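A.B. asks: For the record, the sequence lines run as chains A and B.
Letter by letter, the first sequence follows residues 1 to 423 in our numbering.
Letter by letter, the second sequence follows residues 1 to 450 in our numbering.
Mixed in with the good hints there might be a few duds.
Derived EDC-like pairs (lysine to aspartate or glutamate); straight-line CA-CA distance at most 16 Å [what the hints assert, rightly or not]: (1) A:Lys130 <-> A:Glu343; (2) B:Lys380 <-> A:Asp34; (3) B:Lys66 <-> A:Glu24.
So the derived list for chain B, only partly shown, Cβ under 7 Å to chain A, looks like this [to be verified]: (4) Glu67; (5) Trp71; (6) Val72; (7) Gly258; (8) Ile357; (9) Gly358; (10) Gly360; (11) Tyr363; (12) Pro400.
In short, the hints are calculated from the structure, not lab data.
None of the values given here were measured: they were computed from a predicted structure.
C-beta atoms are modelled at their ideal positions from N, C-alpha and C, and glycine is treated no differently.
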Amino acid sequence: MSKIVKGKYTADAVAGFTHRTAMEEAARCLLCHDAPCSQGCPAGTDPGKFIRSIRFRNVKGAAETIRENNVLGGSCARVCPYDNLCEEACSRCGIDRPIEIGKLQRYAIEQEKLFKMKTLQAPKTKKPGKVACVGAGPASLACAAELAKAGYRVTIFEREAKAGGVLTYGITPARLPQAVVDHDIAQVRGLGVKFVYNKEVKAADLEDFDAVFIGAGLWKPSLSNHGFKGAHLKGVYTAIDFLKEARTKKKDFDPGKRVIVIGGGDVAVDSAVTAKLLGAEDVRILYRRTIEEAPANINEFQYALSLGIGITTGLYPVAAEGTKTRLKAVKAKGFYDKAASAEFSADTLVFATGQQPEDMSKIAPVKLDPKKGLIKVSKGKAGDKFFAGGDIVNGGKTVVEAVAEGKEAAAAMIDYLEKKGVK
Amino acid sequence: MAKKDLSIKYLGVDCLNPFFLSSSPVGGNYDMVAKCYETGWGGCFFKTVGIFVADECSPRFDQTNKEGLPWVGFKNMEQISDKPTEVNFEYIYRLVRDYPEHITVASIMGSSVSEWKQLAKMCDEAGVKLIEGNFSCPQMTSHDMGSDVGTNNELVESYSRAVAETTDIPFIAKMTPNCKNMEEHAMAAIRGGAAAVSAINTIKSITNVDFENLTGMPVVDGKSSISGYSGAAVKPIALRFCTQVNQCEELQKMVKGGKYDFGYGHEMSGIGGIETWRDCAEFLAVGCRNIQVTTAIMQYGYRIVEDMISGMQYFMDERGYNSLDEFIGCALPKLIPAEELNREYKVLPKFDDKKCIGCGRCYVSCYDAAHQAIDWNEKKRRPELNDNCVGCHLCLNVCPVQECITPGEIKWKVRDKDGNAVREAKNPAKIKFKKNAKKDKSLSLKEHYE
């Protein structure tokens, strides 16, 4: 019989390092001459340098190295797919196993908070240029921080009541505690960036700004297009609504006893984990393809499995059945195996089958990819005073890639504003 | 494996094995010592007894660590026993009576000739087979005792004489490393009538500075003091002192033919940073016939002796030794002055590209700290040795991969008329040396190192 891990919705899934264990882990680092880990980060984080700082008992210096490069260093430490990035590049793999770089980054940022460090500073004299960022997700936050560091006056417009985008509304808090997200956002705010919440941006709102970054993300659910029936039933959710409602209501949210989550990405895993941690008895991820094809990180699948969540591959849902007030069952068919079919009892069905962009051409004269509706950019430039990055450009990738794109766009914006000679 | 016999005669006394507790908190009362004997220790140097009864401070320990590895070194501020003299001798008497096969050694410390005599007499009455004189505790609150005495040849000699005149029990003088020349003090002890010396006691130290109280550590009500350092970090220093004392010809001559010459020359007891059977074997190799341990017991408990015994037996089996005597002192002839080393000889490092993981540590250290003899192939992420190599082996020492960099080709210097090394050759005249070097390698203890 397998031992199942019991977790709490708002409790850390993994314990962090203490001073002692962090030092032990840093001591395992080979301190490479040309640290390959430092070349493995999309956002350009330099683990070779910050781990060396930890090893030589300069944890504040370590936090500075992380924070100066990545304003979302705390969140990235939790959600980055390290095993595909810096940790995969780690030389120590040649001996036994890689250094736990993500966990060391988490430790350094925890120390930063403990010491109440104020690593990032904006210049006292502001530049005249006014910049707006649409959306308060990872790409916008990273872009805003770079611009504020360069002395520009930045305003972030956010439709929701809180900043963070997917960090706040899309990821289960066991994996990414809200306090970690808030600490990262506090760094952005500390640079003098202005946040405007509950604000649906219109084209007119952006007229007064010298440059605009669009980091609106993907928030329109794309439901199964296989002629699914019964999507209107109570108990059928999109992952965005499900996760958001869970994060808002927390313990008071009832996910139902039997939960089926459709999808094979990180959002599907997060939805399943959320349901399980909030008390659902039987949670199953239903994915039409194979594990090998699933976009989610295998570590996340393993975490879900350790909580007792089942993963069923090869099936896709065709219909939901129930009464007006309640979902009762979900019917599924084989995706590759045409002979396969199944029927599951379910109280809740969550579609985590991807998200789509909203029409950004309504607020800015940007070029859109005709098929997917994503914003087309060249090194962050989307034409005239408009720039974009993050999921709205790349179609939904990692947080660290959104940070990288936000930084790249910020550099292009600074270049644009300087050339334009904004006064 | 046939269990090898670890018994040994030390100063004429039959010991089950050479593994003893050193005089310290690990052997401070009857129950502790009884437990250590049950666990397998051959004997115990009981915590030093004096007429002076110590008044201890709190806290009294600190440790040094490196990269998260604790207890690299250990500092203690304890003095000699804080129990009344009579209580200690009662413990010792009972241990001698109840554990006749185990060797309970009385460690004593006086502050005057009469005190030393008085203590020696009590040892005689308790029936101990060996006495150790503590001339070396570096944190005594009285300057008439401890390492201040141990560096004063006149006092060492006269106190050793005080004991020797009182009893025939062999007397071992415990030396302090806080000295300029240990052989001098050791000879003073032998001159006074001591049978042998033991070394090293702890090294005067300040392990860490506390930045809250702006003093050393441990912090005793806001202040701290210099006191003794021990543990793994001091082993190299201890091995050096043991080697020097054992190699001292003048001292060996003094012992030879004397009252306490049992046919083995000077019978040193080695102390300092011993944790494993291998550490023990090293002290035996430099001529020690008895081994004393404390710090490792403070960290891990008496049970460490189990692996000392088993590991030593496996070692002896592997090397074909049937008794400890067969290898005691085996390294002494090959430990020679620096001026006598063959400086024509040079071993180049050999790099195993398949084992190499490309960390570049050898490159960094060679460039920043040696002779820029390694080029870094950025494409392959591999080191490449160039002609600057002097064979220092810094690369081999920093490499984190087991047996990735190993000793390789041997080169011999070719000198011009003025004695300047002009080029290198595979000198055929030295082939004999090379063969020996190879043989040594096959016999190396490397596998036990890892």
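A.B. asks: Which of the numbered hints are not met once you compare them with the structure shown?
C.D. replies: 1, 5, 6, 7
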